[in-house]
Amino acid sequence: MIGAHVVPTDRRWTLPSIRTLGDVTDAVAAPLMDRSAGRAWWLAAIGAAVLTGIGALAVGFSFWYGPGLWGNNTAVVWGFPIANYVWWIGIGNAGTLISSLLLLTRQEWRASINRFAEAMTLFAVSMAGLFPILHLGRPMYFYWLAPYPNTLQLWPQWRSALVWDFWAIVSYLLFSVIFFYVGLLPDLATLRDRPGSRFWRRIYGVAAMGWQGTPVQWRAQERLHRTMAAIAVPLVCSVHSIVGLDFAASLMPGWTESIFPPYFVVGAFFSGLAMVVLIALTIRRAMELEGVIVPAHFDVMARLILASGIVMGASYAAEWFSAWWGGEAADLRVVRFEFTGTYAPFYWAMLLGNVAAPQLFWARRLRTSAPVLVGVSVAVLVGMWLERILIITDTLSIGYEPSFWRTYAPTIVDFLILAGTLGGFLLLLLIFGRLLPVVSMHEVRKLVAKEAEQQR
Amino acid sequence: MDRRAILRLIAGGAAASVAACSGPEEMIHPLANQPEGTLPGELRRYATALPLAGYMRGVTGHVVDQRPIKLEGLAAHPASLGATDPFIEVSILDLYDPQRLRVPVGPAGPASWPALSRALFQRVAPRRGEGLVLLTGRVTSPTQLARIGALRAALPGTRHVRWEPFDDDRAMASARAAFGRPLTARPRLADADVVLLLDADPLGPGPEQIANARAWSERRRRAPMHRMYALEGSPSISGTMADVRVAAGPRDLAAACHHLARALGAGGAAPPLPPPLAQLVADTARDLRGARGRALVIAGERQPAAVHAFAAWANGVLAAPQDWIAPVDPDPTPHREGLAALTRDMHAGRVDTLVVIDANPAYAAPPELGFAKAMARVPMTVVASRFADETSARAQWLAPLSHPLEGWHDGRGPDGTTSIAQPLIRPLYDTRTSIEMIDLILDPAGGPGGYRRVREAWSTLGDQDWQRAVAAGVVPSTAATAEQMGAAPLVLPSLPAAGQTVELRPSSQLYDGRYATNAWAQECPDPITKEVWGSSARMHPDDMVALGVSTGDMIRIERGGAVTLPVRALDGQARGVVTLLTGYGRSDAGKVADGHGANAWVLNTEAPVAIARAAGRIEVVSTQPVFELGGELAKLFPVLAPDEAMPRTPERLSLLPNPPARDNAPPQWAMAIDTDLCIGCNACVVACQAENNVPAIGPEQMAVGRDMHWLRVDRYEDAGTAGFQPVPCMHCEKAPCEPVCPVEASVHDTQGLNVQVYNRCVGTRTCEANCPYRVRRFNFLDYAGASLWGDADDASVTAQRNPDVSVRARGVMEKCTYCVQRIESANRETDAGGTPGPVVTACAAACPTRAIRFGTLDSDNIASARASPRHYALLEELGTKPRTTYLARRRNDGEPS
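As you go down the protein sequences, you meet chains A and B in turn.
Each step along the first sequence adds one to the number in my numbering, with nothing skipped, and position 7 is 480.
Each step along the second sequence adds one to the number in my numbering, with nothing skipped, and position 491 is 494.
Read the hints as simulated data drawn from the structure, not as lab findings.
For each residue, glycine too, the CB sits at the ideal point set by N, CA and C.
Keep in mind that the hints are not guaranteed to be accurate.
[Claimed, not checked] Examples of chain B residues toward chain A, derived with CB under 7 Å: (1) Ser625; (2) Val629; (3) Gly633; (4) Ala637; (5) Ala706; (6) Asp717; (7) Lys737; (8) Arg768; (9) Glu771.
[Unchecked claim] A short list of chain B residues far from chain A (calculated; beta carbon distances all over 12 Å): (10) Pro370; (11) Tyr454; (12) Gly634; (13) Glu736; (14) Pro739; (15) Arg777; (16) Val815; (17) Leu878.
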């Protein structure tokens with residue numbers, strides 16, 4: 474079980490160690506302002522930086538020599554970069570949904586986890602955003618996807634899902650930054666007003682943009698936050714639908730499926746939640762936030778993972794069913810290839826990770842067991858990554874022309890670039906953990922106040 | 004050194020670097036006054052000819068700004084008929100190949116032609132040529148023969164030995180036995196209603212491929228449909244195109260001859276036959292008898308003399324459409340015996356000076372001769388060659404030969420037609436033609452040059468006739484006349500003992516090895532296995548199980564010599580027959596040729612065969628993983644009965660119908676490919692490569708699966724039928740690649756072409772991901788700038804490039820354009836008020852059987868194809884409305900109608 478010091482209490486979302494509103498501020502801000510980075514942080518940061526550097530080097534080599542360094546071939550023209558892109562942007566999904574959807578549905582417990590989940594979104598989308606540019610044959614001309622004014626009076630092809638995607642990523646990234654910042658403002662002011670290093674307080678002060686906590690400011694902030702949340706829900710759904718349309722708006726067997734947009738939204742939420750669980754477990758321990766991130770949070774997230782896992786299983790079944798029901802030879806061939814072809818072991822592994830592993834969460838005990846949470850989350854993340862790569866390779870390896878059935882094998886450069894983005898993501902998270910409050914203090918304070926009121 | 008000295012040195016250095024960038028010392032002349040009739044960048048066509056195994060085939064050279072850039076067929080030449088084969092197509096790269104030998108090399112390093120001539124003369128003149136041997140390939144050139152004659156007159160001791168690895172000794176021996184003199188049989192496939200191939204491959208690689216394929220296709224177009232039976236040890240092009248084909252090893256083939264002899268009226272024993280073969284023999288005999296005067300039996304070149312004799316007898320009995328002509332090659336000595344006698348003399352030390360011109364016996368000679376060892380016993384060896392090879396590596400003197408396009412030549416085609424071949428470019432390097440090379444032995448000055456010698460040999464032609472013959476590419480009425488021969492006596496082949504046999508076949512890409520240095524040839528997929536940059540031994544899957552190997556495992560084959568090479572399972576291979584392609588396993592031949600495959604020639608002898616497993620695995624890269632079509636896939640390659648029509652597909656309704664073409668709409672281009680006529684020879688594949696600056700990418704990139712050929716030829720087989728399907732871009736009217744390209748690099752033009760704007764492409768590759776035909780090609784690396792030639796300076800290769808076609812950069816998608824440069828060149832001519840000739844794409848121009856037709860939708864050419872009952876579109880059900888469409892393959896295997 475998580476945390477040895479679980480004691481019976483009426484409060485569901487905070488522990489008795491958090492008594493007053495000041496306790497919240499101290500619990501969150503102390504590791505930031507009062508303590509210097511520990512050995513573990515430095516080790517992790519150096520490791521992440523090294524990994525990032527290796528990835529950057531691999532990217533540099535790819536820019537210098539061309540996409541020929543990867544495993545892609547003339548039939549399987551897409552490979553790791555596109556799979557990585559879809560995976561990373563999917564991970565971003567959970568942060569936005571946790572913040573916005575749960576805010577709109579008044580799930581106060583989200584207060585303890587939304588901040589770092591939003592940060593995770595920001596970083597994951599940043600990593601995702603690299604790949605569409607990186608994967609190009611001529612990356613220096615990526616801006617041709619935008620309708621910038623040019624002497625040739627050329628516009629992009631609006632019918633192409635890749636152009637939709639370009640806008641989806643750009644708007645999602647911009648939106649996430651603003652949404653994150655709006656939620657952060659009161660906390661920045663808290664940090665500014667707390668005793669600590671002058672230098673950092675100045676910086677927080679500038680970033681707080683004159684937040685004084687006046688009722689007018691609070692009202693404005695809450696209204697803006699809520700409005701943005703209302704925009705965020707359809708936005709995040711559209712982003713992942715469009716990612717699905719990159720594949721579905723085609724005529725390739727295994728891709729032209731109307732289920733793809735919703736299935737990509739759920740898949741994204743699913744992998745994102747798994748990542749949130751991993752991050753929550755880590756910071757809870759590393760930053761001594763056991764008081765605000767409690768077993769009940771994990772219980773809820775595990776339930777959500779279980780539910781999404783079931784939806785994923787249903788989506789896969791729908792794919793198989795529609796292939797069988799449609800009777801299209803090409804579609805059947807792809808499904809047969811998924812189960813028995815070259816990549817079959819990976820497909821089975823994907824089903825294991827995405828559908829079978831979350832079933833453990835039917836057991837209440839397992840929903841709050843740290844090792845099980847870690848195991849299932851990693852299984853889901855790996856399973857979802859496999860799903861992304863298999864969507865590409867299964868279809869492209871076994872298209873319409875049997876004379877051109879070709880298999881795909883990634884190269885070391887492919888793996889290094891993936892590792893590099895993992896390193897970059899981790900590095901950004903680590904820096905975030907040292908610079909900004911990982912838990913939304915003002916929202917947790919509200920939660921504590923509310924729970925205290927209920928107790929009374 | 005003081006400050007001033009340093010400044011002085013710096014100033015001196017700066018001045019020197021300025022001086023380095025200056026024009027030549029002599030006065031140079033800008034092309035201010037254009038020579039009449041020339042325009043920079045304008046394409047000019049010249050007739051000339053290229054030899055293959057000594058036989059000339061006429062070609063048309065496309066020359067731009069004094070550079071030949073592409074070779075096409077020569078309609079007037081009976082061995083070209085306006086079409087080409089892969090060998091002609093790759094020859095243009097040979098001209099610019101960076102690996103070419105550039106200067107004579109002597110025992111002490113780089114030397115000069117006078118030095119070589121002096122050394123030769125000093126050696127041979129005092130002894131009046133005694134001990135001098137000239138070893139060449141087949142010589143049909145009147146000039147060259149005259150020069151050899153002159154050499155012999157001057158140095159009577161001179162001996163000339165000619166030798167081709169793929170000889171016609173057995174056919175000649177059988178003719179000699181039957182008619183008392185050597186004769187060449189020339190089947191007239193255009194007149195044959197029933198053809199029986201006894202391991203013969205008339206449509207396969209060789210000097211007569213184009214002519215045979217054209218004749219065969221002419222007959223196949225005519226109704227009632229002809230029928231071709233094939234009995235062969237390993238799938239060949241002809242076997243693939245046959246209506247009925249049965250795999251048969253040498254024993255079965257001989258037994259089948261016995262049965263056929265009985266059925267055609269001769270007595271004799273009837274050895275047992277396996278059931279499918281017995282059926283084939285019964286059907287064949289019935290059809291042959293029923294088509295007397297129009298039935299033909301062809302024996303394979305490498306079959307024993309007795310099989311040739313049997314075929315000659317059968318053709319006599321059947322009054323077959325076949326001509327006998329006196330051999331075009333005047334040398335009656337059997338190739339193998341000639342070389343064997345020479346090698347014996349070399350071993351015995353009776354050869355003093357050996358001059359090898361354009362032959363590579365150290366690589367291809369039969370193993371028992373030990374030619375390479377024998378060379379070491381000859382005091383002076385001179386090898387004239389275009390590329391370094393196994394023979395030149397063992398020679399003391401190396402003499403670089405000119406490419407045929409660099410000098411004057413002449414020679415006869417397989418039917419005897421003589422061509423006078425003009426050069427299209429001045430020699431790129433300090434090289435000599437083979438005619439000049441012979442002169443060099445006599446004359447330290449090197450003779451008066453190739454032109455004078457050829458002109459001398461044709462002094463009977465007046466100036467005007469000469470000019471006409473050179474411009475036309477053929478000398479009129481020089482074809483050999485058919486001779487009236489009586490019936491040949493019946494000879495029945497003896498039944499060889501059952502057991503393993505090894506069979507050598509010419510590679511469709513490298514022939515006997517002479518094109519192994521050519522990167523385009525190496526990268527051209529084999530018609531049957533689609534292997535590139537190497538070749539496996541072909542075996543029946545059951546034989547492989549018995550041997551305990553699977554595709555890719557190494558086997559060791561011993562017969563005379565020994566080779567170790569990977570094996571490949573091939574359905575349609577006869578049991579007990581292992582087939583190897585020649586031309587691979589080169590050494591000392593440069594970066595392109597060396598190390599790919601194994602040298603099959605070391606097995607070229609009569610000896611017991613031993614085959615064993617060997618350690619290791621090599622998967623030879625094949626561009627096609629699946630050949631067998633079954634179930635739903637069969638609709639990709641429909642096969643019809645002779646009079647069957649394709650099922651009519653109802654017109655599909657569309658929410659986005661194509662707007663009807665308005666009155667002044669530009670011509671709408673389309674292509675129609677007749678899969679019933681495509682013999683999969685790959686001439687179109689290489690023609691496209693040459694025309695469109697398609698880079699060769701090398702074995703490593705091919706292994707990853709990144710082929711760049713814009714046009715591929717798929718081979719499919721299904722239940723007794725096989726065939727080829729060339730797949731260029733379909734130029735779909737509703738192209739799936741167009742709406743998915745985010746930057747509109749893939750767009751449609753007003754002429755119905757699906758065009759790729761290279762400058763606009765950012766390389767998302769979405770278009771290829773969404774192309775159901777998989778015809779788009781991506782520059783994953785800088786293929787155009789990369790060199791496959793190792794350290795050699797490859798700048799010369801760029802001279803081959805077509806100036807009308809963009810060279811594509813890294814990261815750009817490319818694909819078949821329907822040779823848009825040719826279309827636009829015609830449009831320009833129309834705009835200028837001229838009447839251009841019909842536009843022909845490079846692939847259509849190359850096609851020996853004219854299976855590829857190109858034209859506008861309303862042209863007869865295309866309209867008639869589209870109206871054919873055999874017409875179909877590939878993956879029609881996807882609604883892409885392709886402009887490239889197909890005519891279905893037919894198979895005439897039923898009862899005769």
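Hints not upheld, ascending by number: 1, 3, 4, 5, 7, 12, 14, 15, 16 and 17
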